[in-house]
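Undergrad: Combine the two chains into a complex, taking the hints into account.
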Amino acid sequence: MPLLDVRDLSVTFARRGQRTVRAVDGVSFGVHAGEVVGLVGESGCGKSVTSLAIMGLLPKQRGVTIDGVADFDGTDLLKTDARAMRDIRGRDVAMIFQDPLSSLNPVVPIGVQVTEVLTRHRGMRGEAATKEATALLDRVGIPDPARRLKEYPHQLSGGMRQRALIAMAVACKPRLLIADEPTTALDVTIQAQILELLKELVRDSGTALIMITHDLGVVAGMCDTVNVLYAGRVIENARRKPLFYEPRHPYTTGLLRSVPRLDAGRGTPLNPIRGSVRDVLPWPDGCAFAPRCDRRVDACVGEPPALVVGYDGHGYRCVNPTPQGAQP
Amino acid sequence: MFRFIVRRLLQLVPTLLGLSVLLFIWLRRLPGGPETAILGERGTPALRAQVRRSLGLDEPLLIQYGRFVKRTLQLDLGTSISTKREVTTEFLLRFPGTVELTITAMIIAIGVGIPLGYLAARRRGTWLDHASVGGSLIGICVPVFFLAYVLKAIFAENLGWFPSSGRQDPTIGATHITNFFVLDGLMTREWDAAADAIWHLVLPGIALASIPLAIIVRITRASVLEVLGEDFVRTAESKGLTERTVRGRHVLRNAMLPIVTVIGLLTGGLLSGAVLTETVFAFSGIGAFLYEAISNRDYPVLMGFILIIALFYVLVNLIVDVSYSLIDPRVRVR
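Read top to bottom, the protein sequences are chains U and C. By the count of the numbering used here, the first sequence reaches residue 328 at its end, each step adding exactly one. By the count of the numbering used here, the second sequence reaches residue 334 at its end, each step adding exactly one.
Don't read these hints as lab results, they were simulated from the structure. For every residue, glycine included, the Cβ atom is placed at its ideal position computed from N, Cα and C. Check before you lean on any hint, since a few could be wrong.
Not the full set, but computed from the structure, chain C residues with beta-carbon under 8 Å of chain U [unchecked claim]: (1) Glu-226; (2) Glu-230; (3) Asp-231; (4) Phe-232; (5) Thr-235; (6) Glu-237; (7) Ser-238; (8) Lys-239; (9) Leu-241; (10) Thr-245; (11) Arg-249; (12) Arg-253; (13) Pro-329; (14) Arg-330.
Next comes chain C alone, as it looks inside the complex (with noise of 0.2 Å):
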């Protein structure tokens, strides 16, 4: 086991390597640079052109590449062309938020999902499998910024129960030190500031939990579906075990694979950002920002947040391989 997660932590060098060089070549291809971006419609060619030099980027793309290799081999991502502030500190600053964001929307998603999952395929053909085909078939197809449109009108802007925007209330004054707001109030022991963000989490968590939510439900029905016909399950029938002991041990264990797998895609693909829930909250995550850092051809953040991305991306895929064996014994992990 050891081993293994060894070797696939080795495994990352090659694959964010092989990123950086097809991001690299990408990002310099797409027409524009981060100059239009600077000076906008104003910028005479000579004016331009310096822009360019001062940043490094009239150089041959090998060597600006090795620039950045050497850099981040140093854990320097550089400055934002946009905000001249590092890279990492942008990266500090708004990750915790797309963090909190997305294990509260999982955790919606988990723990509605399988529950309702199993009982539709518990209850196949009766109304509530009926309803919760259809409902997730209803949460894929509406639009996420729909629903966080509507969810804010109602649940904020009428009835007042949450708060419309943003990731906490900057009035409480809370103190900050990871920028996991919610951590950071258990920390410090500021149980309002705590309390206030997970507030603050609630809609956007909602709103961005509905597509992960309607798959979870159609996975957990389908696989659960093809447990209830094995025949092991009809051995733990007559044993006269309880129905919790059925439903838990012998049914939920053996469905949870194909769940396990989508979750961890789920939420490899949440990480990267909510661009439409974030800018319908006005939520600082990564989002909102990468997508600005897109428009600037703000080089520096896109290779650096993208690059983090995908470091988490294929860490949470670690961490699903790593519960396979934990979940199946027939699956070895070597």
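Isolated chain U (complex conformation) (with noise of 0.2 Å):
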């Protein structure tokens, strides 16, 4: 059983006189305790609003409508109240964002930004609340941070915001930790860094961590289990070394051929996936990838392609897949 179950997760976002978008459609996937998931795929592909949704923190609005299961636990994270979501959030799951600049409270120390947490779930207050957060910051690889308390978003580097929001997140030792592209916004040294603070956090409490990203050098690194999104679908999934060496949907083999390689020779041309997301479908049904895909066949266009599931879980929603023992 594991600790969070996503099954068939759908968000609609409907606006007046505008086509009611379905960001994201049927998602299914779960965590297990100490296990890193990865979700991956390009912009707007329906990541972070699967990770908002799990949340709920997408906005109560009209318009916005969230379907299906997220099992944490026993606890039905999509039927909960915004009350009891309040409770959950921040000490049983918690969420590190992409951007550490805007992502901080720009006119509160850090001190407050991560003694409020310990305060609201944790009851810790004056000396003793102090005296956690600095553990936290020292925890999170912050030097000094008895100083750094009482520093302001702007006075920290990139690398050192991030470790920031990493404390808030891991104050009271969340069961579910979501990432959302915790490294995009730092360059290459401090994202590796950043990699390894998570990796260990996994590994030392067991927290179950989900990792979103369109980095697969972050998912070669870092993930167990990977789940492939295209156009707010799952296309493919797999623990991380079938899919690494043995992709089966033509998009996850595109992503990996796209990946600028270092030992080609120079001059050799990019493999890059043609067109773009966004080109829209002329056909309801079907296959999403298909106005891109180079294996079409006539059988991509007619109904949604059912999930194949092959040899150790390895699934995928192809219906003319790559075929084994192909380099990707």
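TA: Printed below as a string of structure tokens:
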């Protein structure tokens, strides 16, 4: 039984006078304690909406519909009311965001932003809260934590800001952590340090981690299981190794091929996937990737491809998959 | 911070000097003069010249101005031509009323405006939002004197809930020390006097608050809407903080800068007197007095009052600038 079991999650945004957008369409995946699960895909594929839906952070407005189940240790997060969600968020389920500068309140010292979580969920105040906050900053590798607590976000470097955000997220030892492209805004050396820190946290505390990224390098370095998203659907899911060595969905294959290789000869052209996600379907059903797919056959445009589950739980939604054994 | 304040205060000197020169020239250029107000229609040219001479208005402008500066530096603002009392005395008698009225109006405008603007932004698109945006439009459009008359007719004359005029009931026989009637009442422990003064402030305060209230509602709504879309608000929500913490610490604190700016400007504006409101409620502040001084060409009163009001305007804006750095650490005061 996974810690978080997402089944058939769908999110639609309807606006008057505009076509309803189905941002997430029947996404299912599970995360076990101590496991790192990747949600991979390009911009606009529904990764962030999925995580915000699980966190209950999507705006509660007319026109936003969320369906499905997100079973977190027996509680359906999608059906939990706002008040109860406030108790769960930050304590049991926490999130790390993409842009550490804009994700921190510019006019409140770092220390307050850390201690407010401790006060809210662990009832710590004053001296005790400050002491715990110092320990947290120290744990995420911020040097001279006592001084940093009094500083404001603009006084910290990008890497330190992300560490501070991580400190806030892990302050209550959440059982599930969602990291939404936590390294995108950072430079490469800092990226590696932050990923290392996240791995350590998972290893030490058995936290389940959902890693949202478009960076296959991050996936290769971190994830145990990978879900590849395209146009709001999981189009392939597998353990890390089979996904990298034997991708079956042409989109995944394309993603892997498009990674520039250092060992390629000078002048070797890059291998992009043609078109863009915005290529809309001229047909209502069928595979969303078909307009860009090199392996397209007539069957692709008929009905949505069913999930094929192969060896070792490797699943994909494709009627004409990349043959096994083909080098990506 | 301290150096910043000192420097800003020093900047006051050229500001006030420049303003005084402009005022001096402008006032003397107005057609007519105090002699017309004193003598009225009966004045013969000879009589007029005599009055001008006795007021020292026949001398060259430069000498008149020099004398004015010299006097002012000794904190002597001269004597009112029409009331024959010292300008400083007149000012200390009337300005407290205006200050009390301004504070009342701003308390109402801020106390209602910020919560209303916040709620309108939070419940964007609901009836509350539409009502407060529409209401604030009405608030800006309705002439203040009209609103003042309506309030007076309903709540003072018809219902009799509030007094219809004045700053305090004279039959109470309150002791006045500072001429801030509320403050005086508190200082002398004459609670009934303080309460009566507050009672007299309510209707004119509401009338005067209407426009600032409307502006504060709109600016708060716009500012809060902008902050609500910020990533750090989502972070705060992701931490499961209570609605109160998210609202106070994360949303409002960041939305405060433009609101504080507007509050400063509005307060400064109100301090220069509210002629219409004061007239309707026969409230003795500086507004009506200044108006009369203009018609009478009462040069000493005009110079003195306007310069002191300018001083207060600058001080209020200094407070606003200082509060910026208290609200936002990124605004460095140097």
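Undergrad: Taking the closest Cβ pair, is C/Arg-253 under 8 Å from chain U?
TA: OK, holds: C/Arg-253 within 8 Å of chain U, min 5 Å.
Undergrad: Going by Cβ atoms only, is C/Glu-226 closer than 8 Å to chain U?
TA: 13 Å, violated
Undergrad: If you take the shortest Cβ to Cβ gap from C/Asp-231 to chain U, is it below 8 Å?
TA: 4 Å, holds
Undergrad: Does C/Phe-232 hold up as a contact with chain U if the rule is Cβ-Cβ below 8 Å?
TA: OK, holds: C/Phe-232 within 8 Å of chain U, min 4 Å.
Undergrad: Under the criterion of a CB-CB separation shorter than 8 Å, is C/Ser-238 in contact with chain U as hinted?
TA: C/Ser-238 check passes; min Cβ-Cβ to chain U is 4 Å, inside 8 Å.
Undergrad: Return the status of the interface hint for C/Arg-330: holds when the least beta-carbon distance to chain U is below 8 Å, violated otherwise.
TA: Since chain U brings a Cβ to about 6 Å from C/Arg-330, closer than 8 Å, the hint holds.
Undergrad: At a threshold of 8 Å, is the proposed contact between C/Leu-241 and chain U supported by beta-carbon distances?
TA: 6 Å, holds
Undergrad: Does C/Lys-239 meet its interface restraint, that is, does its C-beta lie within less than 8 Å of any C-beta in chain U?
TA: 4 Å, holds
Undergrad: Quick check on the hint: C/Arg-249 CB to chain U CB, less than 8 Å?
TA: 6 Å, holds
Undergrad: Does the nearest C-beta of chain U fall within a distance shorter than 8 Å of the C-beta of C/Thr-235?
TA: 5 Å, holds
Undergrad: For the hint on C/Thr-245, just tell me whether its beta-carbon gets within less than 8 Å of chain U.
TA: 6 Å, holds
Undergrad: Does the interface hint hold: is C/Pro-329 within less than 8 Å of chain U, judged Cβ to Cβ?
TA: With a closest approach of 5 Å, the C/Pro-329 hint holds.
Of the hints listed earlier, the one the structure fails to meet is number 1.
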